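Trainee: Each chain is listed here by its residues.
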Amino acid sequence: MSDATVNPPATAEPVHDDTIPEGYDDTQDHIGLPHDTSTGLSNTKLAMWMFLGSECLLFGGLISTYMLYRNRQGDAVGPDQLWDIPFTSATSFVLLMSSLTMVLAVTSAQRRDERRARLWLVVTALLGGLFLSGQVYEFTVFYREGLGYTTSLFASSFYTLTGFHGVHVAVGIIMLLSLVAMLAKNRIVGDKAETIEMVGLYWHFVDVVWIVIFTLVYLIPA
Amino acid sequence: MAIIERPSSTPTATTEYVTPSASMGFLRRPVETSGWKSWAFTVDHKKIGIMYGVVAMLFFFVGGLEAVLIRAQLAQADGTILSADKYNQMFTMHATTMIFLFVMPMAAAFANYMIPLQIGARDVAFPRLNALSLWTFVFGGIFLNTSWVLGGAADGGWFMYAPNSSVPFSPTNGVDFWVLGLLITGIASQVGAINLIVTCLNMRAPGMSLMRMPIFTWMAMVVQFLLLFAIPVITVALFLLMFQRNFDATFFSVEEGADPLLWQHLFWIFGHPEVYIIVLPAFGIISEVLPTFARKPLFGYPFVVFSGAAIGFVGFGVWAHHMFAAGLGPISVAVFSVATMAIAVPTGVKIINWTLTLWGGKLWFTTAMLFAIGLIVQFTIGGLSGVTHAVAPSDTQQTDTYYIVAHFHYVIFGGAVLGLFAGIYYWWPKVFGKMLNENWGRANFWFMIIGMNLTFGPMHIIGLQGQPRRMYVWTENRAGEGFFNLGFWNLVSTVGTVILAIGALLFLVNVWVSRKNPPAPEDPWDARSLEWLTTSPPKEHNFDRTPTVHALDEFFHRKYEDVGENGQHDFKKVATAEELLAEEEANADAHIHLPSPSYWPIVLAFSMPVLAYGIIYSTLLIIVGAAIAILALFGWALEPPTAPEDDFDPPSPTDGGEPSKELVTSV
Numbered sequence: 001m002s003d004a005t006v007n008p009p010a011t012a013e014p015v016h017d018d019t020i021p022e023g024y025d026d027t028q029d030h031i032g033l034p035h036d037t038s039t040g041l042s043n044t045k046l047a048m049w050m051f052l053g054s055e056c057l058l059f060g061g062l063i064s065t066y067m068l069y070r071n072r073q074g075d076a077v078g079p080d081q082l083w084d085i086p087f088t089s090a091t092s093f094v095l096l097m098s099s100l101t102m103v104l105a106v107t108s109a110q111r112r113d114e115r116r117a118r119l120w121l122v123v124t125a126l127l128g129g130l131f132l133s134g135q136v137y138e139f140t141v142f143y144r145e146g147l148g149y150t151t152s153l154f155a156s157s158f159y160t161l162t163g164f165h166g167v168h169v170a171v172g173i174i175m176l177l178s179l180v181a182m183l184a185k186n187r188i189v190g191d192k193a194e195t196i197e198m199v200g201l202y203w204h205f206v207d208v209v210w211i212v213i214f215t216l217v218y219l220i221p222a
Numbered sequence: 001m002a003i004i005e006r007p008s009s010t011p012t013a014t015t016e017y018v019t020p021s022a023s024m025g026f027l028r029r030p031v032e033t034s035g036w037k038s039w040a041f042t043v044d045h046k047k048i049g050i051m052y053g054v055v056a057m058l059f060f061f062v063g064g065l066e067a068v069l070i071r072a073q074l075a076q077a078d079g080t081i082l083s084a085d086k087y088n089q090m091f092t093m094h095a096t097t098m099i100f101l102f103v104m105p106m107a108a109a110f111a112n113y114m115i116p117l118q119i120g121a122r123d124v125a126f127p128r129l130n131a132l133s134l135w136t137f138v139f140g141g142i143f144l145n146t147s148w149v150l151g152g153a154a155d156g157g158w159f160m161y162a163p164n165s166s167v168p169f170s171p172t173n174g175v176d177f178w179v180l181g182l183l184i185t186g187i188a189s190q191v192g193a194i195n196l197i198v199t200c201l202n203m204r205a206p207g208m209s210l211m212r213m214p215i216f217t218w219m220a221m222v223v224q225f226l227l228l229f230a231i232p233v234i235t236v237a238l239f240l241l242m243f244q245r246n247f248d249a250t251f252f253s254v255e256e257g258a259d260p261l262l263w264q265h266l267f268w269i270f271g272h273p274e275v276y277i278i279v280l281p282a283f284g285i286i287s288e289v290l291p292t293f294a295r296k297p298l299f300g301y302p303f304v305v306f307s308g309a310a311i312g313f314v315g316f317g318v319w320a321h322h323m324f325a326a327g328l329g330p331i332s333v334a335v336f337s338v339a340t341m342a343i344a345v346p347t348g349v350k351i352i353n354w355t356l357t358l359w360g361g362k363l364w365f366t367t368a369m370l371f372a373i374g375l376i377v378q379f380t381i382g383g384l385s386g387v388t389h390a391v392a393p394s395d396t397q398q399t400d401t402y403y404i405v406a407h408f409h410y411v412i413f414g415g416a417v418l419g420l421f422a423g424i425y426y427w428w429p430k431v432f433g434k435m436l437n438e439n440w441g442r443a444n445f446w447f448m449i450i451g452m453n454l455t456f457g458p459m460h461i462i463g464l465q466g467q468p469r470r471m472y473v474w475t476e477n478r479a480g481e482g483f484f485n486l487g488f489w490n491l492v493s494t495v496g497t498v499i500l501a502i503g504a505l506l507f508l509v510n511v512w513v514s515r516k517n518p519p520a521p522e523d524p525w526d527a528r529s530l531e532w533l534t535t536s537p538p539k540e541h542n543f544d545r546t547p548t549v550h551a552l553d554e555f556f557h558r559k560y561e562d563v564g565e566n567g568q569h570d571f572k573k574v575a576t577a578e579e580l581l582a583e584e585e586a587n588a589d590a591h592i593h594l595p596s597p598s599y600w601p602i603v604l605a606f607s608m609p610v611l612a613y614g615i616i617y618s619t620l621l622i623i624v625g626a627a628i629a630i631l632a633l634f635g636w637a638l639e640p641p642t643a644p645e646d647d648f649d650p651p652s653p654t655d656g657g658e659p660s661k662e663l664v665t666s667v
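Heads up: the sequence lines are chains A and B, in that order. Going by the working numbering, the first sequence wraps up at 222, each residue one higher than the last. Going by the working numbering, the second sequence wraps up at 667, each residue one higher than the last.
For the record, the hints were derived by calculation from the structure and aren't laboratory data. Keep in mind that this is a model prediction, so the values were computed, not measured. Heads up, a few of these hints could be off.
Coverage of chain B stretches by chain A, computed from C-beta distances (three or more under 8 Å per stretch; other residues unrestricted) [what the hints assert, rightly or not]:
| id | stretch |
| --- | --- |
| 1 | 252-258 |
| 2 | 559-567 |
Pulled a few chain B residues facing chain A out of the computed Cβ check, cut under 10 Å [what the hints assert, rightly or not]:
| id | residue |
| --- | --- |
| 3 | A193 |
| 4 | N195 |
| 5 | C200 |
| 6 | N202 |
| 7 | M208 |
| 8 | L227 |
| 9 | F229 |
| 10 | T388 |
| 11 | V391 |
| 12 | A551 |
| 13 | E639 |
Even glycine gets a Cβ: it sits at the ideal position worked out from N, Cα and C.
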């Protein structure tokens with residue numbers, strides 16, 4: 001438990017002054033949040049980090065399964081015939097850029113520029129959607145080239161791993177869009193910037209996992 | 001209830017002035033304070049803890065019945081009570097029920113009830129998630145057990161080794177129920193783990209540093225970390241098996257080139273931490289019980305804490321000792337063998353600490369104390385046979401024999417179950433405000449301890465004689481002569497099971513005969529930790545005044561003053577629990593905010609078995625389940641955790657200006 005919160009020095013230069021409402025007290029928003037807890041981190045933030053920690057093990061298990069089976073395709077198509085590295089690099093780049101827009105959304109929210117935060121959230125969701133479309137396109141191409149879900153051990157483990165990641169991205173997009181709607185209708189309870197930051201943490205995690213998957217699955221030669 | 005009230009000695013009837021407002025526009029928030037609705041929609045960690053305990057106890061008797069049937073089948077050579085198929089289902093479900101539906105939820109019951117009280121909090125960090133954990137576990141457990149009437153239960157053993165658990169070898173839906181049921185209960189554990197870790201780290205009262213946390217809270221927190229990192233691994237394994245069985249993937253089909261060790265590794269990376277998930281809560285409980293009844297502080301508190309944490313860490317590095325017979329190669333076997341011996345060290349540290357806590361203490365042999373001492377003795381026996389498994393060559397002889405069964409029942413029954421019963425007897429007056437009968441309690445204890453030794457003791461002999469596990473019959477032909485006769489020891493084991501079952505039933509008898517006991521004193525055991533610094537049963541808001549903690553064993557130090565001189569300690573009682581409680585009440589906090597009940601946790605939990613039945617039977621059910629889940633998720637997200645002020649009516653004029661019933665508009 002820390003002591004009562006201290007107001008920032010009055011001389012601190014305000015950022016984007018025009019976006020801060022008149023008479024806004026920066027300390028008020030945090031009542032019941034970080035300063036109330038034993039660690040100084042808010043409950044939600046700590047919980048999100050715990051959740052992401054356990055997600056590492058989930059993807060760890062799936063990635064291990066893939067690494068075990070990555071060359072077990074028998075006579076069926078294998079990675080060498082399938083991968084289109086330039087295409088997947090492009091969609092990976094799109095996903096990574098969505099992390100940038102997510103950061104912009106969080107900083108806008110922290111500056112209380114809600115309109116811009118909503119805009120960046122929509123852009124993030126769109127970039128995520130673009131990545132997902134790329135994945136769907138890629139899956140379709142692979143399927144046409146003869147890689148069904150049960151074609152080989154390689155196929156099953158590849159689709160399971162990337163499918164799980166795709167579902168995570170999809171859930172992230174749903175959260176982003178819900179967030180935009182809830183912001184618009186003013187239905188968010190508590191600190192808005194922190195709520196956005198929580199979705200942001202999840203989003204960055206999903207991106208980081210993709211970097212690992214992209215490296216291990218696509219870039220390392222079979 | 002999100003009532004902001006001034007606590008008073010008179011019970012406050014909150015329903016009188018609370019009316020719900022619409023949540024999500026079409027559902028009113030539940031406000032009942034009595035009746036089934038006050039339980040089904042509650043977010044109070046105490047009610048949730050009690051429900052966890054009751055349901056877990058129910059499954060304890062289901063699992064016990066399965067055990068009795070197993071032993072009845074094996075009482076004599078060529079038993080005919082169960083068919084081979086039913087026998088396979090029986091031992092699979094016995095283990096699954098006891099581990100996932102009794103020991104883990106029972107530990108969760110204590111963790112839920114006690115952690116907030118022990119750290120001086122008013123509730124857990126996420127009360128609605130807490131309710132979600134409970135109902136997910138309840139629905140998952142029921143779902144798992146419906147397989148008995150829907151074509152037969154799972155029959156692959158609790159480890160469910162693939163490919164033996166794939167469709168050609170287990171064609172009924174039993175394994176599907178098992179996979180989906182464990183995925184559901186896994187969600188319960190995962191959510192609970194995150195919730196309780198955040199509670200332990202973030203919700204501590206002023207002054208409650210980590211090294212002042214009561215030891216049960218510490219051990220429970222280590223368990224939550226183990227769950228946090230172990231559950232996702234089995235989740236992966238379960239998903240792979242589900243895809244194998246329901247969607248024709250070939251992850252475990254050896255004929256397709258799959259590696260049969262994949263399942264074993266994934267399962268035991270979860271399965272070995274699971275062993276400590278099972279036993280550490282019991283360690284925590286008896287580390288509270290022993291000091292209380294020895295009237296001494298726990299010997300070497302920091303050592304107990306750090307050895308618990310060490311067990312947690314090393315517990316993730318020993319899984320392959322379950323696979324010594326799988327042909328891992330000499331280096332792996334040697335490494336895991338040494339690591340396994342190493343983990344005996346922190347466990348031994350704990351046993352030494354408990355023994356030295358007893359040493360020189362003024363022992364008070366209550367039922368709780370008997371169970372706690374029973375744990376030390378029985379667990380040590382199980383620990384010693386465990387070290388013989390750590391030696392790989394010796395383990396190779398014992399693999400798949402009854403010797404293994406003897407070992408893990410000594411650690412799980414002798415460790416976890418005895419510890420949980422110690423906790424039940426110790427905290428019963430705290431939770432229900434009345435004592436359990438001590439005479440029936442002692443009978444309960446002795447029947448259980450004699451029963452367990454007669455049941456599991458002979459299994460050492462049976463196992464070393466070579467009787468394999470999981471075989472539905474044994475034959476007279478190779479039963480052996482004299483002392484080592486299998487027939488004799490199998491019969492002894494079955495008789496022991498009956499005694500053990502009577503012991504377990506005596507607990508129910510005790511609950512029944514104790515139901516009309518007079519109210520217990522506030523501090524019946526002269527206890528030491530913070531959960532006793534409130535009434536029994538605790539008020540809805542736990543503490544009248546948020547306690548400020550100055551020491552480990554805070555409650556003890558508030559009652560006793562050190563009057564020793566020249567470095568000697570001599571504690572003199574300066575206050576009774578009643579006086580301390582009266583003081584707390586007189587200085588009660590003015591405004592107490594409690595989280596509000598909610599429909600959404602139970603609705604969301606209900607969607608999961610619907611989804612699971614859908615995966616087995618029909619896509620239509622998947623759609624229905626998903627719709628319920630989406631509705632619940634959005635209802636949840638749009639509902640504030642604490643009901644807004646306009647959910648409550650202004651105080652009615654009939655209150656007569658009673659301050660306790662006045663609504664306060666600002667914190």
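Trainee: Evaluate each hint against the coordinates.
Mentor: Results of checking the hints against the structure:
1. 252-258: This one holds; 3 residues, not fewer than the three required, reach chain A with a Cβ under 8 Å.
2. 559-567: The restraint on the stretch 559-567 of chain B is violated, since only 0 of its residues have a Cβ under 8 Å from chain A and three are required.
3. A193: holds, 8 Å
4. N195: holds, 7 Å
5. C200: holds, 9 Å
6. N202: Check passed: Cβ of N202 of chain B comes within 4 Å of chain A, closer than 10 Å.
7. M208: M208 of chain B check passes; min Cβ-Cβ to chain A is 7 Å, inside 10 Å.
8. L227: holds, 9 Å
9. F229: holds, 5 Å
10. T388: violated, 31 Å
11. V391: Violated, about 29 Å.
12. A551: violated, 17 Å
13. E639: With Cβ-Cβ at 9 Å, under 10 Å, it holds.
Checked against the numbered hints above, the structure violates hints 2, 10, 11, 12; every other hint is satisfied.
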